[in-house]
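Can you make the complete structure from the sequences, with help from the hints?
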Amino acid sequence: MREAYGYGERIREVMPRLSAAGIRLRVYSRDPLPAAVPGTVHAGTFVTTEELCARVRGETDAVWLPYSTDAHHRRLYQTHFPSKLTEYMALGMPVLITGPPSATGVLWGLSHPDAALTVAGSSIDAIRDAALRLKDEPALRLALAEGSNGGDQEFDPIAIRQQFIGVLREVAAGRRP
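Numbering (our numbering), first residue to last: 26 to 202.
If you are wondering where the hints come from, they were derived from the structure by calculation, not from laboratory data.
Positions of the beta carbon are idealized from the N, C-alpha and C atoms, including for glycine.
Keep in mind that a hint or two might mislead.
[As the list claims (entries may be wrong)] Lysine to any residue pairs mimicking SDA-like chemistry, simulated, CA-CA at most 20 Å apart:
no.	residue 1	residue 2
1	K109	E34
2	K160	E171
3	K109	E179
4	K109	F71
5	K109	G83
6	K160	R42
7	K109	R55
8	K109	D86
9	K109	F180
10	K109	T73
11	K160	R82
12	K160	P138
13	K160	R49
14	K109	T70
[What the hints assert, rightly or not] Each pair of labels, with its calculated beta carbon distance range:
no.	residue 1	residue 2	range
15	E195	G83	40 to 46 Å
16	E195	L167	38 to 44 Å
17	A60	A164	33 to 39 Å
Structure below.
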């Protein structure tokens, strides 16, 4: 679990309540879990990205981006766009994003409700309710999976590179501050 970004911290806070509601979490990582967390299992490592994607698609119903609510991470979350989110969109699966309303990934999720189920705020009950919706509503999972494929287009590296070069050209020509 990525400690530098606070994801593991949030998982340890939230999973006891999610586990009590019947939600299970599989953590795919080279590193084993440092301590047991209710409802959480270390799903092991992987050799290639393709293997990881196939396992996640075959072994899970949704993926979760669990931002911490610790104020220590606030500045990071406001300026850092999580690479995990682009990877999750590429999976074509339902995505749950939870965290502070000012986090870039949360803001993205709120502006793309067809691609992700997003809970802005710190309420563990709201996260549990969202996870239960994903568990109990197959139509919601299907809609989000279909929408996540559309979100993946937004992260096309060729288009991003072209946009970046275009901005650099405009700045160099003095057309942008």
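Okay, the hints, checked on the actual structure:
At roughly 16 Å between alpha-carbon atoms, K109 and E34 fall within 20 Å of each other, so this suggested pair holds. The hinted pair formed by K160 and E171 meets the criterion: a straight-line CA distance of about 17 Å does not exceed 20 Å. For a cut-off of 20 Å, the pair hint linking K109 to E179 stands: about 14 Å separates their Cα positions. Taking the CA atoms of K109 and F71, the gap is near 16 Å; set against the 20 Å cutoff, the hint holds.
At most 20 Å may separate the alpha-carbon atoms for a hinted pair to count; K109 and G83 meet this at roughly 18 Å. For the given pair, K160 sits about 15 Å from R42 by alpha-carbon distance, which is consistent with the 20 Å threshold. Distance hint between K109 and R55 is fulfilled; the C-alpha atoms sit about 16 Å from each other, no more than 20 Å. As the CA atoms of K109 and D86 are separated by approximately 17 Å, the hinted pair is consistent with the 20 Å bound.
Proposed proximity of K109 and F180 is supported: the alpha carbons are some 12 Å apart, at most 20 Å. For the hint linking K109 to T73, the alpha-carbon distance of about 16 Å falls within 20 Å, and the restraint holds. Among the hinted pairs, K160 with R82 is consistent with the structure: their alpha-carbon atoms are about 15 Å apart, no more than 20 Å. Between K160 and P138 the CA atoms are separated by roughly 18 Å; this keeps the pair inside 20 Å, and the hint holds.
As the CA atoms of K160 and R49 are separated by approximately 10 Å, the hinted pair is consistent with the 20 Å bound. This hinted pair checks out: K109 and T70 have alpha carbons roughly 16 Å apart, not beyond 20 Å. Separation of E195 from G83 is about 45 Å and conforms to the stated range, judged on CB atoms against 40 to 46 Å. The hinted window of 38 to 44 Å between E195 and L167 holds, with their beta carbons roughly 41 Å apart.
Look at A60 against A164: about 37 Å separates their beta carbons, and that is inside 33 to 39 Å.
When each numbered hint is compared with the structure, no violation occurs for any of them.
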